[in-house]
Each structure stands twice: as structure tokens, then as C-alpha cells.
Amino acid sequence: MNLSAEHREGVLVVHLAEPRLDAAIAIRFKERMREIADQPGTRVLIEMSKVEFLDSSGLGAVVAVMKSLAPDRQLELCALTPNVEKVFRLTRMDSVLSLHPDLETALGKGRKYA
Amino acid sequence: MPERSFFSSPARMAKSSGEARIFHHSFPATPIAVRDALRAALARFVRVMSEEEAGTLELILAEILNNVVEHSYGEAEEGSITLSIVRDAQGLSCSVSDDGIALPMACLNTGEPESLTRPDPAALPEGGFGWFLIRDLATELGYRREGERNLLAFRLPLAPLEDRKAG
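Residue numbers (my numbering), protein chains in the order written: chain A, 1 to 114; chain B, 1001 to 1167.
Don't read these hints as lab results, they were simulated from the structure. Please read all numbers here as calculations on a predicted model, not as lab measurements. Watch out, some of these pointers could steer you wrong.
[Claimed, not checked] Below, simulated DMTMM-like cross-link-like pairs (lysine to aspartate or glutamate); rule was C-alpha separation at most 25 Å, straight line: (1) A/Lys-30 <-> A/Glu-85; (2) A/Lys-86 <-> B/Glu-1070; (3) A/Lys-67 <-> B/Glu-1126; (4) A/Lys-50 <-> B/Glu-1126; (5) A/Lys-86 <-> A/Glu-35; (6) A/Lys-50 <-> A/Glu-104; (7) A/Lys-67 <-> A/Glu-18; (8) A/Lys-86 <-> B/Glu-1140.
[What the hints assert, rightly or not] Listed next, with one range per pair, are the computed distances between beta-carbon atoms: (9) B/Leu-1116 <-> A/Pro-82: 46 to 56 Å; (10) A/Glu-31 <-> B/Pro-1121: 18 to 28 Å; (11) A/His-7 <-> B/Glu-1112: 32 to 42 Å; (12) B/Arg-1145 <-> A/Gln-74: 38 to 48 Å; (13) A/Ile-27 <-> B/Met-1105: 23 to 33 Å; (14) A/Val-96 <-> B/Leu-1116: 15 to 25 Å; (15) A/Ala-17 <-> B/Ala-1159: 25 to 35 Å.
[Stated by the list, open to error] Below, a sample of chain A positions facing chain B; criterion: calculated Cβ distance under 8 Å: (16) Asp-55; (17) Met-66; (18) Ser-68; (19) Leu-69; (20) Pro-71; (21) Pro-82; (22) Lys-86; (23) Val-87; (24) Arg-89; (25) Ser-98.
Note that beta-carbon positions come from the ideal geometry of N, C-alpha and C, so glycine has one too.
Using the sequences and the hints, build the whole thing.
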């Protein structure tokens, strides 16, 4: 699984460099996120610009990660490609997850409202 | 001269586009084989679809095929899936068949209002999205149990290619 993490301005930024977040890798994604979330950072931000395809298993995995971080830590997503964004919109899960257009906006918003 | 006319006849010229109209593929019911089948199906029709239409086709097919792998065959180690896609003037006609257990009819609640069949986002659901997405995106969704076989079919309308070039 091509997944790396870095700290930027107090935010734990996870770069998910997989072309697909689907049934074939959903469980591994959850496991890797659990390991990564051991690091400090109140905000966990997954940067998804490389992900071109997300199915219901991938969506379920994102929700599972979000629940495992709550209530002390928040999961946010940024840089969603159109097909991935569409799945969040159709299922209305964009109403319960924070989605940002890109990484800079996501980090900037944190500064602005901190 | 007869030979030359044979090679340049319209029927001969049309052969390559005719081949692209039908996709038929049988493969093992495993997540990796599903990925490969999706890639092959998308590659076959990518030239007649917009990026959004391709994304929609891939999503519907992924949900249907992964459901077969996870639920129709479930614990069974072996099973195969047959995927057929035919292109006509209005779009794509797709069918998926397998030899697993019957599909629960609740999955096909196409007549119910969306608010009753969409998982409630506030409950932070980790599943249940698959059939919602299939029902939402596919048209003319139909299912039939035929002997020991599941047959699921749907259509995906495509915008005419001319419109896309103009737009």
C-alpha cells in the first residue's frame, strides 16, 4: 500500500498514492491508517489527489477510520478527484466528513479558524 | 479487382468498430480478477464514453461484481462470474451472471424512495452503500434467478458522441 505521512503545521497529513481505494485494499488501508494514527496530531488529513476510483468498500473504510479517531481527533479529506468526490456526494457522506478542494486550502482553513 | 473491392468494402471497414460493441468475459470470483475484468471492460468502451460515464460504469460494475465475490459465493472458495456488455445507439446494456446463492430481493428495492434506501450519513454507516449506488446509478435494473444461476442486468445511457465533440 502506497501511503506516507508527514506533519505540516500541526496537521498529520497522509498521502494516499494508490490509484484505487476499493474492496481489494480496503482492509489494508484501515490497518495502515491505524498504525499511522499513532502519531500525534489533532487533525488527520488524507490527501487523495492520486486516487481515481473509490467504491463502497473504500468509502466504508474511510468512515471506519473516521470513527476510530473520534471523538478527540477529526478526519478530513482533500484533493478529491471528480469520480471519488461523486461517491461522497451521492451517498451524502460529504455532509459528515470535512472535504477540502486541495491541501493548501485544508491547511489554511485550520489556521484561519484555529 | 474483386479482391481489392473486398478489402475496401464498407462491411470490412466496419469490422473494427463492430468488435468494440461487445465485451464478454468469464473470470474467477476473486477481488483481483474483478479488478482485471473492470480494467478490460473500461478499456474496451473508453473511446465512446466521457470520463464521467466511464467512472459511473466502473462504479456500478465494481459494486455488482464485488457483491458476487463477497455475498453470492461468500465462503465458497471457487466460483466464476460472466460479464457481458453490449453497446447500442443509446448506451450500454450490461449483464452479470454467477452460480452463487440467490440475491435477497431487498437489494433491488428500486421502487422505494431514496430516503428509505440510502444509509443515514449521521449514523456513520460503514456498509450498505453498494446497493444504494447500484440502484441510484443504473437504469432498468433487473434480476432473475434461473435454476441455480443469478442473472442481473442493467443499462447505462451514454450521451451521443456527436454531442460530446460539439460540447
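Exercise. Check each numbered hint from earlier against the structure, then list the numbers of those it violates in ascending order.
Key: 5, 9, 11, 18, 19, 20, 24 and 25
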